[in-house]
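S.K.: Spelled out, the chains give:
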Amino acid sequence: MTEHPSIQEISEALVEDFSLFDNWEEKYEYLIDLGKKLPPMAADLKTEDRKIKGCQSTVWLYSEYKDGIIYFQADSEAMIVKGLVSMLVRVLSGQKPEDIVATPLDFIEKIGLQSHLAQTRANGLNAMIRQMKLDAAVRI
Amino acid sequence: MVEPTVGYDVQEIRKQFPILSRELKGKPLVYFDNAATSQKPQIVIDALTHYYSHYNANIHRGIHTLAEEATAAYEATRVTVQHFIHASSTKEIIFTRGTTEGINLVAYSWGRANIKEGDEIIISTLEHHSNIVPWQMLAKETGAIIKVVPINEQGEFNFPAFEQLLSKRTKLVSVVHASNALGVINPVEEIIALAHRFGAVVLVDGAQSSVHLDIDVQALDCDFYAFSAHKLYGPTGVGVLYGKQQLLEEMPPFMGGGEMIKEVSFESTTYNELPYKFEAGTPNIADTVAFKTALDFITNIGKATIRAHEDELLRYATAQIGQIPGVRIMGDVQNKVSVVSFVIDNIHPQDVGILLDNQGIAVRTGSHCTMPLMQCLNVVGTTRASFAAYNTLTEIDLLVNGLHKVIKLLR
Chain Z
51 MTEHPSIQEI SEALVEDFSL FDNWEEKYEY LIDLGKKLPP MAADLKTEDR
101 KIKGCQSTVW LYSEYKDGII YFQADSEAMI VKGLVSMLVR VLSGQKPEDI
151 VATPLDFIEK IGLQSHLAQT RANGLNAMIR QMKLDAAVRI
Chain G
926 MVEPTVGYDV QEIRKQFPIL SRELKGKPLV YFDNAATSQK PQIVIDALTH
976 YYSHYNANIH RGIHTLAEEA TAAYEATRVT VQHFIHASST KEIIFTRGTT
1026 EGINLVAYSW GRANIKEGDE IIISTLEHHS NIVPWQMLAK ETGAIIKVVP
1076 INEQGEFNFP AFEQLLSKRT KLVSVVHASN ALGVINPVEE IIALAHRFGA
1126 VVLVDGAQSS VHLDIDVQAL DCDFYAFSAH KLYGPTGVGV LYGKQQLLEE
1176 MPPFMGGGEM IKEVSFESTT YNELPYKFEA GTPNIADTVA FKTALDFITN
1226 IGKATIRAHE DELLRYATAQ IGQIPGVRIM GDVQNKVSVV SFVIDNIHPQ
1276 DVGILLDNQG IAVRTGSHCT MPLMQCLNVV GTTRASFAAY NTLTEIDLLV
1326 NGLHKVIKLL R
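These protein sequences, in sequence, are chains Z and G.
The opening position of the first sequence corresponds to residue 51 in this note's numbering, with each subsequent residue numbered one higher.
The opening position of the second sequence corresponds to residue 926 in this note's numbering, with each subsequent residue numbered one higher.
Hint data in this document are derived by calculation from the structure and do not stem from the laboratory.
A few of these clues could be false.
Pairs of lysine-lysine, BS3-like flavour, derived with a Cα cap of 27 Å [as the list claims (entries may be wrong)]: (1) Z:Lys-86 <-> Z:Lys-146; (2) Z:Lys-146 <-> Z:Lys-87; (3) G:Lys-1072 <-> G:Lys-1169; (4) Z:Lys-116 <-> Z:Lys-160; (5) Z:Lys-160 <-> G:Lys-952; (6) Z:Lys-86 <-> G:Lys-1333; (7) Z:Lys-116 <-> Z:Lys-183; (8) Z:Lys-183 <-> Z:Lys-160; (9) Z:Lys-160 <-> G:Lys-950; (10) Z:Lys-87 <-> Z:Lys-116; (11) G:Lys-1330 <-> Z:Lys-160; (12) Z:Lys-87 <-> Z:Lys-160; (13) G:Lys-1093 <-> G:Lys-1187; (14) G:Lys-1228 <-> Z:Lys-87; (15) Z:Lys-183 <-> Z:Lys-96; (16) Z:Lys-183 <-> Z:Lys-86; (17) Z:Lys-86 <-> G:Lys-1330; (18) Z:Lys-96 <-> Z:Lys-160; (19) G:Lys-952 <-> G:Lys-940; (20) Z:Lys-87 <-> G:Lys-1330; (21) Z:Lys-101 <-> Z:Lys-86.
If you want the ones that stay clear, here's a sample from chain Z, every Cβ over 12 Å from chain G, calculated [as the list claims (entries may be wrong)]: (22) Ile-57; (23) Leu-64; (24) Lys-77; (25) Ile-82; (26) Pro-90; (27) Tyr-112; (28) Gly-118.
Some chain Z residues flagged as far from chain G (calculated, every beta-carbon gap over 10 Å) [what the hints assert, rightly or not]: (29) Glu-79; (30) Lys-103; (31) Ser-107; (32) Ala-128; (33) Asn-176.
In this text the structure is predicted, and so the values were computed from the model without any measurement.
Cβ atoms here follow ideal geometry from the backbone N, Cα and C, with glycine treated the same way.
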């Protein structure tokens, strides 16, 4: 069995993927595609207490802890946010809680999406990252 | 694109708004969030800096030249506002921070003096949160009951239902003149006349209507009318509460402090006369002074002239946006201000907002501070384009092209 790639490795791969596009439309198209590829979240997991505050659109986040590893499921009703969620799940799901807490997440900035995401939406993104790190922190 | 209105030189008007020459993400800014706030012409910006550079002083109390000049300018705005809304006296013009503060002032001062347990307050489904929450707070405190007038699916006020809700228990009717979320205009004249037959006091939320419609508070016969300067090409942080003089005379002050007093001892205080009774503390002098310039700007072009231009934008946008497959316009009625609010099948408004922003187009997406209305219309939110004097038909074409691009990206 091959080792699950690290947060750093998956992040770098995402940054590289995005670097292939030179205009915002292609970047967003790819981001929206990532959202579409996000594994579906079971409907009964979408409860009120799993909603993340700070997002203009609703985001649900669920985490499971098994054998020292955290698995995330998430969803959003808005496609761009779902794309961002999808990236976070791809990067953080299947990682050790210590690594999730310790590794800085600057890949979205590196991709160059941050500049296109206004403050309020960036806040929603930060709220998502914060919640994922919190979920990890309680499992350490 | 159709031909622009004859005799209306929108390019000349655009030149007066420095922000409109900005580029966003390499594209010319298309500003369609005017219902949230309008942009400011250079003369308003100049009026602000002129005030601070030439005659900044505290008003009403000082006897030096600067204080007199500042006081004169501040009071000149009050006179201009009086004429702008056809109030009978400057005593009826109270400066606030905005529409929200005006409504809260009435809720605290008039409301706490006049509303008792079991009294009823009627609002409509179209209300902005700022015309809901102050009354809920008042109701919670006093035991009053809030009744809500329903709307039809296009957002039109259900007048027969309103008639049904009115009774001797109705003490206040507080309704929006033009809906910020949909643009729909409420029949306030009829609402006021009928409410008065039941002895109710009527407040009109004029946040959206004040810039688009001719406002004559005496003809309307409303008891209160609240609006904000920043939606009328003026500065933020200034608003107006109009109130009928007799009502205002009877109302207790809202806040205590300087300006609002006649005489103070540790035993008792006598209050200043109207309108100063409601203007405690040093007001927002600079912005109030510059507000006059904004009102003059509107009056000089002519409200009817601007409205004709905005109507043309509204009609064109409604037709063009309405043609896009999967788009549904909310509040598509005859009688409305220049707001086009719409939803696109299976597309979240937030995505529309982000992807239009990337094309330099500023619209508003979400619930527009009208969550109960959105629930009633059964949508999570809408995308709203709202137009002002400086918008063009070409900009609407850019929006329509932008929307096609958005749909292509998301489908």
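S.K.: Just pull the numbers of the violated hints for me, sorted ascending.
M.R.: 4, 13, 14, 18, 24, 25, 29, 31, 32
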